[in-house]
Structure formats: structure tokens, C-alpha cells
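Colleague: One-letter residues, chain by chain:
2 protein chains.
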Amino acid sequence: MRYRFYNARLLTMEQDCSVTEGEVWTEDAAIIYTGPEKEADLTWDREIDVKGNLLMPGFKDAHTHSAMTFLRSRADDMPLHEWLENQVFPLEARLTAEHVYHLSKLAIMEYLTSGITSNFDMYFYPEAIARASVDCGFRTVLVSPITSFSGSTVEEMEEDYHKFNQYHELIRYHLGFHAEYTCETPLLEAIARLSEKLGAPVFNHNSETRESVEQCIKRTGMTPTAFLNSIGMYGQGGGGYHCVHMTDEDLKIFKDKGLTAVTNPGSNVKLASGIAPVRKMMEMGIPIAIGTDGPASNNCLDMFREMFLVTGLAKILEEDAAAVDADEVLHMAVSGGARAMGLSRCDMLKEGKLADMVMIDLYQPNMQPFNNISKNLVYSGSKANIKMTMVNGRILYEDGKFFIGAEPAEIYENANCIVRELVQ
Amino acid sequence: MRYRFYNARLLTMEQDCSVTEGEVWTEDAAIIYTGPEKEADLTWDREIDVKGNLLMPGFKDAHTHSAMTFLRSRADDMPLHEWLENQVFPLEARLTAEHVYHLSKLAIMEYLTSGITSNFDMYFYPEAIARASVDCGFRTVLVSPITSFSGSTVEEMEEDYHKFNQYHELIRYHLGFHAEYTCETPLLEAIARLSEKLGAPVFNHNSETRESVEQCIKRTGMTPTAFLNSIGMYGQGGGGYHCVHMTDEDLKIFKDKGLTAVTNPGSNVKLASGIAPVRKMMEMGIPIAIGTDGPASNNCLDMFREMFLVTGLAKILEEDAAAVDADEVLHMAVSGGARAMGLSRCDMLKEGKLADMVMIDLYQPNMQPFNNISKNLVYSGSKANIKMTMVNGRILYEDGKFFIGAEPAEIYENANCIVRELVQ
Chain A
1 MRYRFYNARL
11 LTMEQDCSVT
21 EGEVWTEDAA
31 IIYTGPEKEA
41 DLTWDREIDV
51 KGNLLMPGFK
61 DAHTHSAMTF
71 LRSRADDMPL
81 HEWLENQVFP
91 LEARLTAEHV
101 YHLSKLAIME
111 YLTSGITSNF
121 DMYFYPEAIA
131 RASVDCGFRT
141 VLVSPITSFS
151 GSTVEEMEED
161 YHKFNQYHEL
171 IRYHLGFHAE
181 YTCETPLLEA
191 IARLSEKLGA
201 PVFNHNSETR
211 ESVEQCIKRT
221 GMTPTAFLNS
231 IGMYGQGGGG
241 YHCVHMTDED
251 LKIFKDKGLT
261 AVTNPGSNVK
271 LASGIAPVRK
281 MMEMGIPIAI
291 GTDGPASNNC
301 LDMFREMFLV
311 TGLAKILEED
321 AAAVDADEVL
331 HMAVSGGARA
341 MGLSRCDMLK
351 EGKLADMVMI
361 DLYQPNMQPF
371 NNISKNLVYS
381 GSKANIKMTM
391 VNGRILYEDG
401 KFFIGAEPAE
411 IYENANCIVR
421 ELVQ
Chain B
1 MRYRFYNARL
11 LTMEQDCSVT
21 EGEVWTEDAA
31 IIYTGPEKEA
41 DLTWDREIDV
51 KGNLLMPGFK
61 DAHTHSAMTF
71 LRSRADDMPL
81 HEWLENQVFP
91 LEARLTAEHV
101 YHLSKLAIME
111 YLTSGITSNF
121 DMYFYPEAIA
131 RASVDCGFRT
141 VLVSPITSFS
151 GSTVEEMEED
161 YHKFNQYHEL
171 IRYHLGFHAE
181 YTCETPLLEA
191 IARLSEKLGA
201 PVFNHNSETR
211 ESVEQCIKRT
221 GMTPTAFLNS
231 IGMYGQGGGG
241 YHCVHMTDED
251 LKIFKDKGLT
261 AVTNPGSNVK
271 LASGIAPVRK
281 MMEMGIPIAI
291 GTDGPASNNC
301 LDMFREMFLV
311 TGLAKILEED
321 AAAVDADEVL
331 HMAVSGGARA
341 MGLSRCDMLK
351 EGKLADMVMI
361 DLYQPNMQPF
371 NNISKNLVYS
381 GSKANIKMTM
391 VNGRILYEDG
401 KFFIGAEPAE
411 IYENANCIVR
421 ELVQ
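Heads up: the protein sequence lines correspond to chains A and B, in order. Going by the working numbering, the first residue of the first sequence is number 1, and it counts up by one from there. Going by the working numbering, the first residue of the second sequence is number 1, and it counts up by one from there.
Some hints could be false.
[Unchecked claim] Result set (DSBU-like, lysine-lysine): computed pairs, CA atoms no more than 35 Å apart in a straight line:
#	chain 1	residue 1	chain 2	residue 2
1	B	K38	A	K51
2	B	K252	B	K350
3	A	K401	B	K38
4	A	K51	B	K51
5	A	K401	B	K401
[Unchecked claim] Derived CB-CB ranges, DEER-like:
#	chain 1	residue 1	chain 2	residue 2	range
6	B	K38	A	W44	50 to 56 Å
7	B	A40	A	K401	53 to 59 Å
8	A	G405	B	Q15	40 to 46 Å
9	A	G400	B	A40	41 to 47 Å
[To be verified] Coverage of chain A stretches by chain B, computed from C-beta distances (three or more under 8 Å per stretch; other residues unrestricted):
#	segment
10	71-82
11	100-110
12	267-275
13	293-303
These are calculated hints, taken from the structure and not from any lab test. Values in this document were obtained by computation on a predicted structure and should not be read as measured data. Just so it is clear, CB atoms sit at the ideal spot from N, CA and C, and this is done for glycine as well.
Please model the entire structure based on the sequences and the hints provided.
Modeller: Shown next as C-alpha cells:
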């Protein structure tokens, strides 16, 4: 398929967040031209008049648990412990691979409505997740959710690593584990050895709550970051999800090892976990990406909300309205995520890059007047501005309609049936 | 005009946030029936199949400065003082009534996309604001923005009070002033006397920043709330916008006088002002409403973002995931605002109330599955869920189209022209 998008404003994100005018051409999965209007000696499957709207690279949701859609608004406004013990764990225990397949599709729909073109998904039943993404045409980087009580092994993780990195062009797999506090040391050491053997980075939940850090210090004498570093977990890079309660030493380890801090502000406020020190991370040159976390703890999968929160919470934490410039946040949501997820061809609109692209409706009141388009995205953008989401050269969402090989009504019905089944 | 809405889910907000099924009928400005499906011996101008979606009372934006749309994303990520002195004040000084008319219309469009059916608007040129609202069919409660350097007088405020409370059924006027720190004591005393004379409540920016409180204490020996109370400002009730840095004594005055605290969390994070003590206010029984503040400082006019922030920031402040239940937030955004603004007929879907109503699209991925519809609104709702906004019995926004007597393209063009003119 060959698409020509013309009459467009372009936020290519090749360097800064400046906006130009021109065209984008795509052929199959790739971008074959980005630049000023020009004549083409090509035949097109479709020529799309962008009408002055904005084309930009898709957002990367760099931390989520997609299939937790079944828990959305099931148990809010309760203390964290009660929520986990009485709601999340008992219902999760009944989930099947088939459930995860259907529930992941519901999440994919929502990603598309928010201009998210790929996710970094930590959940059980990786094959079900991969199948949901491939069936929808969505791009997913899987990451292992292993714990000491999950019933899976490091040998299986190694198999999954090879299997899913050759599974489909839309699927990648990263090593990972749930968190320091859910994995015993021999398991963590085995993961570190596997990372060295494969030359592969490792990701995990890190310092999400103050309690998890305090307990780690009690057990090991070190913070989670320092402890994991001490057993050689980060020789091949990787990163941490959340990274709320970080010491200066933790941040120095992140900097030295080139680890990405994936911030999840929506979840961190909803679960009262705290505010991540994003400005400090930026000043130290630590790579930063943004994730929604799962729909049980956020409860939505909306990069616009997350972007506003990244800068808003930093401003509150630092008591400085100039903290964490919106343009930096936009880079975290696009290239920061792409870097963490290993999607080096999904970070900008440029010839040779993959066609993971969104069209932003600028002719809505929240995007007017045209004082500053990139800041508008972060400060006043919303899902209602997403006119089109393209993944790997295929349009999956356009003008409120989904093109993902299944009807929305069917996906909603499946999700509601699964909830009824699980809560019986 | 007579409308029949059938096949609906109803969140009437008469009491709690429970959802029922049924119909809503409207005749001209009023609701004439809400309840289960039934036969009607009436002729209809239009019968609308709601298809299982949700009807609820419209949101009230209880603090804003609509015409500041011209400053949206004009000057972000800079210290508060620099922003005000170098950007806001010089450009505001050049605004004309005609500018305010056109810029207010752009804001009204955005309110409608977010399910907001009325606003509490503090800005210059009240007649231009009122004309914009009436021309669009939108409901506005004006409030005086007087300061000691605004060039207007308390006599003019009294005239405006009478004039705008008889101007049009969509317009009301409340006494007010910008803030304690921009008004000299004789002016404040004159406003307090006018309030007593008219039996009218008074509203103003209160304790938005720590500095404004500290400076008031230095000048008067009291906090802004205590000082204003000491000069008899609150004998007839009223309220404060922002209310971030409040002492226990301040809160007790709010409680005793029945004053509404209008919280503006989006603005408070973006300008690094702080987090309002919303849970404490709730526990004390202080009436609470929610406002977006103006588009220069937020930058969007989106009640969904504000609602999430009200509960999210409370959870962070209190370090408690159970703080400020989402259903309470929904009440603040609807009946709390209506109470503050004196719109006692706009607070619920009920026979005899005014038809200020929105239709929420529940068949979008962020509203699925149906675990808890009212919590979904607060935790995962977005502008993209607003299918219809009706004000005073007229549909002003439906399926992305505006019915406000002017074309969106014209309103956008006017706003962009005004910006070009002002920044010359």
C-alpha cells in the first residue's frame, strides 16, 4: 500500500519540536518521503488531504499491563494494599490466555484513540498478547512479568526471548521481571546471567512506592537500584518503571548504565505513590520515557493525560512553573519511549523510518489559536484531537472508526462477559 | 422545541451517582420528565435514540477567564512573575470589547466539547462576554474582575449587577473582585457594603499562591480569608477561587459562612501554585466546586482533566489512595458548581429543572467494561466521550458539530487575527 499525505503540517521530531509544512509518503511499513510538497512519479492507493492538520510520530506507551482492562473502575478509592489483595490478585488468578487476548484488544483500541502506536506490555500469557497485537495490526514490545511465585522459569524466559523476537515484525521481546520485592535473589541472579548471555537489557518495576524501597533496604542494605546493580543486572542496560523514590546514588547508576526511567504519573497519583524526580533526571541526562501503567491503576490509557501530568507534577514538586518544558515531554513520549523499547525506526517522521504516525486535528477549539502547536499538544491536547493512527503503514483508526479486524461491539461484549465470568 | 431522549442510561445526580435506565423529555428550556420508559401523549420535534449511552447534568466550570484563549500556549514553562509581567499584562492591556467577544466564543466552543454547560467568568468587558454567550446559546454567570487599577468603580459594579441579572435568561451576574492583593482596602470595604445592600454573595481569587498569603499577612496581620472576613466581606456568602494555601482558621471561616471553595487543579500545577486541601475541606463540610481557570494558565478548558486532578492531587497530598472519592468529585463538578453560581435549576436531571444536559458516549474503549460508570467518568473519561451538549433545552454540540450561530472556521480565524494584531 502506498499513501500520500499532503497539505500537512509536520512535526517530524528529527530534532526540536518545530513545525513545518509538507507531505509524508508511505509504502507498506515504511516512510519513503517527508518534506515539502513535490511531484511524485508514483501511483497511490490513497491520497489524503490533511487539510492543514498535523502529522507526527505516534506516542509510545513505555509501561503498561494492557489486559488489566477488566479491572478498570472495578476498585477505586481504596488503600493500595486492600486493592491489591482483595481485588487485583484474586481476579487475576482466574484469568486465562483467551481472556488476556480479548482484554488486550480492548486496550489496543484505546491506545489507538490516544495516538499511541506501540506499547511496552508486561503481563501474563505473552502469546495471547502478541496474537491480539498482530491480529489488530498493533506494535507491541513484550516484557517478562516473572516473579518467584508466577510458576514460570528463566529457561522459559530465554525461550520466549528467541520465540517472540522472531514471531512477527510487529512484536519484540525484552527481558524483565516484575520487581525486586517479588523475586528472590537466585531468580534475579539467573536473569542477570541471561542478560549477559544474550546481550539483552532488563526492565522491571523500580522504586514505585516508598515501602518497597524501605523493605529492600531492610532486606539487602541497599535500595532496589543499588541492589540490582550489585548483582550485575544492568550490564546490558534496560530501565525501571515508575522510579518515584530514587536516591542520588540510584540516579547516578541510571545515568552510568544508560538506563531509561519510565515515568507513570497517572498511576502514581491515583495510587498515591508519589512524584518522580523528573527534572533531576533530565538535568543528569538520564533517558526518560512515559507509560500509562495498566488500566487498573490509572484508569485510562491516554498519553495526553500522562504528558500533562509529567510536566505538571514536576512543576509542583520543584515549586517552579518553568520546570520540565513541554517540548521535552513530547520527546519523552515519542523518542524516549522508542529508545527504551528498542524501536529505533519508530522515533521520527523521516525517510527509511517505519510509518507509525498520527494525525492531530488542529481545527478543534483546544488547539486554537496557533500560538505554539507542540505546547498545545502537551498542555491542551486530548484524545478528541486524534484524527488518525497508523501503525507500520496501516491505518488502524480514522475519524472515530477502527480498522483492526474486529468490531468494537464484539470487543466490548467480550470484555463485559469476561468480567461477569471472573467476578462470579 | 420538544425533545424525547429514549434508550438512555441516566445519571440524574438527584442523590448518589447511581445509574438507571429510562428517558428524558425536554420542552423549551426545561426538563418535563425523567424516569422509566413510558408512552407520551405529546408531539416531538425530535426523538433521539440514546442507544444505551449516558445522559447526565452538564458540568459547571466554576472559575475561568474565557477570553484568555488568545494567550493559550503563548508563554508556557516560565516563572510566574515573568509570565504575568512580560506576557499577560502587556497583551491584555490592548484587548478591546470586540476581541473579548470573539475570544469568548472560542472558549465556549471548547466548553461544549467537554460537556460544560455553564461557566463562572471573571473578565473585562462583561457586555461582550454576555453577548458571546447569548449569541452561542451558552449559560454564563459573570463576576466582576475589579481591581484598584482597573479603572472601574463599585458604582459601575452595582449597575452591572442590576443590568446583567435582567439581561437574558442565560446570563447572571455575581459581585466580585480580582483578589485581596490587587484591591486597596477602601475598595474592598465598598464592595462589602454593596454586598450587604444587595444581599449578594462575593467571589474572588483567594490564597492562590503562598506569596500572596504571606504578603497579606505582612500588610494586614491576617490571611486573605481572615482579613476579608474582618471587613465584613462574607456576610452574604460567596466563595474563593483556588484556595490553595488555607489555614485551619481560613477553612473554619469558609465553613461558618457557607463559602464555596472553587478548586482549579490544572492551573495550580501548571503555575506551580500548590495543591488545595480538598479532603480537609470535604471533611469539614465546606462546599466545593471545580474550575478550569483561564486558558492562559491551564491551558485547556476540560472538566475531565480537572476532575481527575482533583482526586489525584488529593491522593498525593494525603498519601492515601482512598482520599476524595470520584463520586464526590462528580458532585463538585455538577451540583457544587451550580450551588456556587446560583444555578439552582441546573444541578440534576429532574422534572422542572433546566435542560442543561450532556450525552456521554459509553461505547468507546475508555468507558469499557461497565464496571462502574460514574468512576469511569472521573478516572478515564475524556472530551472524546462527549456526544452531545445541550444548554437551556437547545443542542449546541452534537457528534463533533457546533450549533452556535457561527462557523468554527470563522471563530478560529478571528482568534488568530486577534493574536496577530495584539503581538505586533
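Colleague: Compare the structure with each hint and give your call.
Modeller: Hints and how they fare:
With a C-alpha separation of about 46 Å, the suggested pair B/K38 and A/K51 falls outside the 35 Å cut-off, and the hint is violated. With a CA separation close to 33 Å, the supplied pair B/K252 and B/K350 stays within the 35 Å bound. Straight-line distance between C-alpha atoms of A/K401 and B/K38 comes to about 34 Å, which keeps the hinted pair within the 35 Å bound. Among the hinted pairs, A/K51 with B/K51 is consistent with the structure: their alpha-carbon atoms are about 32 Å apart, no more than 35 Å.
With a C-alpha separation of about 17 Å, the suggested pair A/K401 and B/K401 falls inside the 35 Å cut-off, and the hint holds. Against the hinted window of 50 to 56 Å, the Cβ-Cβ separation of B/K38 and A/W44 comes to about 55 Å, which satisfies the hint. Look at B/A40 against A/K401: about 34 Å separates their beta carbons, and that is not inside 53 to 59 Å. Checked against the hint of 40 to 46 Å, the C-beta distance between A/G405 and B/Q15 comes to roughly 44 Å, which is consistent with it.
Between A/G400 and B/A40 the C-beta distance comes to about 32 Å, which lies outside the given range of 41 to 47 Å. Restraint check on the segment 71-82 of chain A versus chain B: 9 residues with Cβ-Cβ distances below 8 Å, three needed, restraint holds. Requiring three or more residues with a Cβ within less than 8 Å of a Cβ of chain B, the coverage given for the segment 100-110 of chain A holds, as 4 such residues are present. Chain B is given as covering the segment 267-275 of chain A, and this holds because 7 residues of the stretch bring a CB closer than 8 Å to a CB of that chain, at least three being needed.
Check result for the segment 293-303 of chain A against chain B: holds, 6 residues qualifying (beta carbon to beta carbon below 8 Å, three or more required).
In this structure, the earlier hints numbered 1, 7 and 9 are contradicted, and the remaining ones agree with it.
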